[in-house]
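Colleague: These are the residues of each chain, in order.
Number of protein chains: 2
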Amino acid sequence: MIGIFDSGVGGMTVARAIEHLCPDLPLVYFGDIARTPYGSKSPDTIIRYSRFNTDFLLEQGAKLIVVACNSASSAAADALRFHYSVPVLDVITPATIKAAELSGAGRIGIIGTRATVKSGIYPQRIREIRPDAKVFSQACPLLVPLVEEGWLNKRETKMILRGYLHPLRLKKIDTLVLGCTHYPLLKQLIGPRIGNQVRLIDSSVEMALHVQAYLDAHPELKERLRGKGGASRFYVSDCTEAVEQMAARIFGRPLELQTIAT
Amino acid sequence: MIGIFDSGVGGMTVARAIEHLCPDLPLVYFGDIARTPYGSKSPDTIIRYSRFNTDFLLEQGAKLIVVACNSASSAAADALRFHYSVPVLDVITPATIKAAELSGAGRIGIIGTRATVKSGIYPQRIREIRPDAKVFSQACPLLVPLVEEGWLNKRETKMILRGYLHPLRLKKIDTLVLGCTHYPLLKQLIGPRIGNQVRLIDSSVEMALHVQAYLDAHPELKERLRGKGGASRFYVSDCTEAVEQMAARIFGRPLELQTIAT
Chain A
37 MIGIFDSGVG GMTVARAIEH LCPDLPLVYF GDIARTPYGS KSPDTIIRYS RFNTDFLLEQ
97 GAKLIVVACN SASSAAADAL RFHYSVPVLD VITPATIKAA ELSGAGRIGI IGTRATVKSG
157 IYPQRIREIR PDAKVFSQAC PLLVPLVEEG WLNKRETKMI LRGYLHPLRL KKIDTLVLGC
217 THYPLLKQLI GPRIGNQVRL IDSSVEMALH VQAYLDAHPE LKERLRGKGG ASRFYVSDCT
277 EAVEQMAARI FGRPLELQTI AT
Chain B
37 MIGIFDSGVG GMTVARAIEH LCPDLPLVYF GDIARTPYGS KSPDTIIRYS RFNTDFLLEQ
97 GAKLIVVACN SASSAAADAL RFHYSVPVLD VITPATIKAA ELSGAGRIGI IGTRATVKSG
157 IYPQRIREIR PDAKVFSQAC PLLVPLVEEG WLNKRETKMI LRGYLHPLRL KKIDTLVLGC
217 THYPLLKQLI GPRIGNQVRL IDSSVEMALH VQAYLDAHPE LKERLRGKGG ASRFYVSDCT
277 EAVEQMAARI FGRPLELQTI AT
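As they're listed, the protein sequences go chains A and B.
Each residue of the first sequence is one higher than the one before, counting from 37 in our numbering.
Each residue of the second sequence is one higher than the one before, counting from 37 in our numbering.
Isolated chain A, as found in the complex:
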């Protein structure tokens, strides 16, 4: 199975995109709802939780680990690659490649959680691919709670978003990376506020394309994943009505969420 973890339900945008592109490959998803959000935690804590999540997915039969959370990808992906022998794909790499490719003037904006922005990983990776790029980052810590409240079209959300995006507008960016799996749900609000000429990079979609490309490059792994058969399974470390509703909204269908204790 393809193992996917996230700090919460946001990573389900990645799971849905992978399911869409690779419908014959079963997924096992783990959302660490009980300990969400990761974006405000220290790197040490994020690494410890990410190892727990990976151990769980491997026990469930995952042969490939997709880190669907930007905060976990920035703080823990290298530690996971060192510690485990299965391939670990992080959500940051594909978005940085796409941003470096698409940007005309090389003026790229990044929005993410505080942990993601503080790690500096997006600017670093983008400049590895495109040394002339100017990368401007903005932490948007209130967007995750607003999305989790379902406040996707509220006046307050628009105001807060305008405030966060204002410094990036001043920098005249031509490309903006939505560096958190919750943000694609705000795409309709972000576009007009950052300027409709700015290209938005949805890290969930890029991640799914990257998984597909990786499996095309490793047909033996793809075969092993397919060989197992079985249906996709979704686990969370805590479940409330709000979580079930959010999962159903993302997948467009009700999901059976199994709860495990962390």
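The reader is advised that the hints may include incorrect statements.
Unchecked claim - One side of the interface only, derived from the structure: several residues of chain A facing chain B at Cβ under 8 angstroms:
1. Ala70
2. Arg71
3. Ser76
4. Lys77
5. Thr81
6. Arg84
7. Pro177
8. Pro181
9. Glu185
10. Met195
11. Ile196
12. Thr276
13. Ala278
The hints are simulated quantities; they were obtained by calculation from the structure and are not laboratory data.
We treat Cβ as the ideally placed atom computed from N, Cα and C, and that holds for glycine.
With chain A fixed as given, assemble chain B onto it according to the hints.
Modeller: Just chain B now, with coordinates in the frame of chain A:
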């Protein structure tokens, strides 16, 4: 020592109030920053974490447990009292007594996290004391992230607060319980928006008065707490700069925070 736990730093408003009233009694505080917020979690998860926190405080020498978190008090205080033999004081009881006492017309509003409001514990406790009371509850899930961002005087915070308080204004309440330890930091904004004639009950202050009254009623326990001597200690399950700043803002001095893994 007096053991105090909270899901994060909010409970430090309780710790500070206790320190102010009982300056000769050492405290041991545990803030479960790594797993904050509790307000969106299920009762089972909150109980499991609350037991972990209590075990930790008892290991540190606590002889009295103060549950400074409203969400933990509503979901877990009864389970803790069943499981442990030390006295467990919850933050809800003193606020409900005060509200029932103070309210003229018996029209009482409660604001809190989703977990606290969903538990229904405030209306239930208030009506036990004052059966004629009409209690109106409002979940305010975005206030904790706004306070943790330090957005204490922002236009967006005022708008969101006005929206949350509007239904309670319509109910013509005369007393409002600030049912979350973060909310006293918003007192200046809440007053004019709910109406200056409405009395605000600060659960942190009431909790500290309750601890003082409890110890006056149990002088042998007070003597044991004092006898131990030693300085107050503050533990957290994760520490970032934002946490240190928030702790310093609440206490009015920098605190030495020790980190333990959960």
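Colleague: All the hints need checking, so say for each whether the structure fits it.
Modeller: Hints and how they fare:
1. Ala70: Because about 5 angstroms separates Ala70(A) from the closest Cβ in chain B, which is inside the 8 angstroms limit, the hint holds.
2. Arg71: holds, 5 angstroms
3. Ser76: holds, 7 angstroms
4. Lys77: holds, 5 angstroms
5. Thr81: With a closest approach of 5 angstroms, the Thr81(A) hint holds.
6. Arg84: Check passed: Cβ of Arg84(A) comes within 7 angstroms of chain B, closer than 8 angstroms.
7. Pro177: Cβ of Pro177(A) sits 6 angstroms from chain B, so the hint holds.
8. Pro181: With a minimum Cβ separation of about 4 angstroms from chain B (threshold 8 angstroms), the hint on Pro181(A) holds.
9. Glu185: Because about 6 angstroms separates Glu185(A) from the closest Cβ in chain B, which is inside the 8 angstroms limit, the hint holds.
10. Met195: This interface hint holds because 5 angstroms falls under the 8 angstroms limit.
11. Ile196: holds, 5 angstroms
12. Thr276: Check passed: Cβ of Thr276(A) comes within 5 angstroms of chain B, closer than 8 angstroms.
13. Ala278: holds, 7 angstroms
In the structure shown, no violation is registered for any of the earlier numbered hints.
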